[in-house]
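Visitor: For reference, the chains in residue letters:
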Amino acid sequence: MIEKVKFFLRLTGNNLWQFRTRNLFSVTIICLSFLTVGIFMSLSNNLRDTARELSSNMSVAFYLEPGLSPAAADAIRQEISRPAFVESVKSVTPAEALERFRTSFPELADIVAGLKGNPFPPSLELRVNAKASASKEVVAFVEGMKKRPGVTDVLFNQDWVEKMQGFSRLAGAIGAFLGGILILTSFFIISNVVKLNVFARKNEIEILRMVGGTNLFIRIPFWLEGITLGLLGSLLSLGLLFIVIRLFPVYLGASLGALQELLRFRYPDLTQAIALLCGGAATGFIGSATSVSKFLKV
Amino acid sequence: MIELFHIWKQYQKPYWALSDVTLQIDDGDFYFITGPSGSGKTTLLRTIFREILPTEGQILINGINILKIHDNRIYTLRRTMGIVFQDFRLMFHRTVFDNVAVPLQVVGVGRKEIRRRVFNTLQKVNLHQKMWELPAHLSYGEQQRVAIARAVVNNPEIILADEPTGNLDPELAFEIVTLFKEFNKQGATVIIGSHDRELIRHFGDNILFLQKGKIVGKEAHG
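Residue numbers (numbering that gives the first Met the number 0), protein chains in the order written: chain A, 0 to 297; chain B, 0 to 221.
Certain hints may be false.
Derived CB-CB ranges, DEER-like [stated by the list, open to error]:
| id | chain 1 | residue 1 | chain 2 | residue 2 | range |
| --- | --- | --- | --- | --- | --- |
| 1 | A | 246 | B | 118 | 26 to 34 Å |
| 2 | A | 195 | B | 61 | 37 to 45 Å |
| 3 | B | 36 | A | 9 | 22 to 30 Å |
| 4 | A | 195 | B | 197 | 41 to 49 Å |
| 5 | A | 195 | B | 36 | 30 to 38 Å |
Don't read these hints as lab results, they were simulated from the structure.
Nothing here was measured: the structure is a model prediction, and the numbers come from that model.
Ideal placement from N, C-alpha and C gives every residue a C-beta, glycine not left out.
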């Protein structure tokens, strides 16, 4: 048994080397296909994580009428503290809001200095616990509070969270679509490369049949070739993906400004990396198996 | 023992490549099948090798009807035979050793044993010194000897050779048939398809004459 395994591995190695130019071409195509899948996967990872971070830090700001009595403001605070999804509520005075603005936008200090009064209203900042973020319950509560007397406006970052989640899904879908097309292409390329190899080795196959080689014996080297090509292609794509992720912020990322955060790539996790490798091997195997069964009548 | 009963083979109507061939070849026989081009020599050998199926008739090898063997099990039959063709059918990108080792690799013989048996067989055909060369670097006669070595390395019960000397000059042809004779002496049944009268006259123990697919004569000198 071990002898046979060694024999098949040796034979596969010899065959891969014999048709190296053709095989290099298929490895390149597989690599590019899986690199595309990998890039979109990594982009989708980033958007998904950003959406998750935003969700976990979701806050709602309730702006109160200027000059609202402390009792009325306290009543509103009591009311918004009641729901179970509320983690904390913090009062922000107009002076604190002005100070925050000064700190956040120092370049606008001149404008702030020229103001006659404080334009910021008092507000209450509510932090929602991570589990309930952007849930229907929160949205309904916020909508109700918008109409409450004493509340002039409500700022809610639910839209951002939903957009991020949407972008993440979109990036995943584009990756799956483009990657799917490219993987299908590489599947046909492998299939054709193996078909060419079968034709080129027709004489050898004939000899193997002549000396009593079983169908399995003749087919195994072709299957192994397909798997090896697929594995090499996806392994190479994984390597290139790591290089792209590392070099992207250095060469391109800076020019993207604010978008850099959104278009940042994240390394695929171990499961995703293994999935890419298995995908490559499976593409190679299916490509060669279909070709061999079609063109190798033994 | 090889037994053929009323074998008919038609590739294309209305011509019969073999018509009503009935024949018995005993174990250890040395047979020449001869006749002009198109007489059915190759078809007969390919039928015995189960490479093609006859249109009618039955073939028994050691009592087993080989026409009833399922396509997926033909390898079991082929492993008991060695075949040599006029065009050698060698793997030209592999060494002489690799070419001769193939029948042993197919049955899963260990590497050391393969080395030993391939070397011994190549020694018999006097090619052991060219074991690591590519067949393309060998003469026609040497290439044919590689093909013979491949056919006999597995100690087959039956050796079939279709015009094995067709591409060779008379001296080399003589040498090649002498080799077949050696393997026959060691117990193998040898059937050679040839139209070389000189060789047949010299070596033919049993001669079968074919014409237009029919047996038109038999001679036994053994």
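Visitor: Hints first: check each against the structure and report whether it holds.
Guide: Now for the hints, and whether the structure bears them out:
no. : hint                         : result
1   : A:246 with B:118: 26 to 34 Å : 56 Å, violated
2   : A:195 with B:61: 37 to 45 Å  : 41 Å, holds
3   : B:36 with A:9: 22 to 30 Å    : 42 Å, violated
4   : A:195 with B:197: 41 to 49 Å : 45 Å, holds
5   : A:195 with B:36: 30 to 38 Å  : 35 Å, holds
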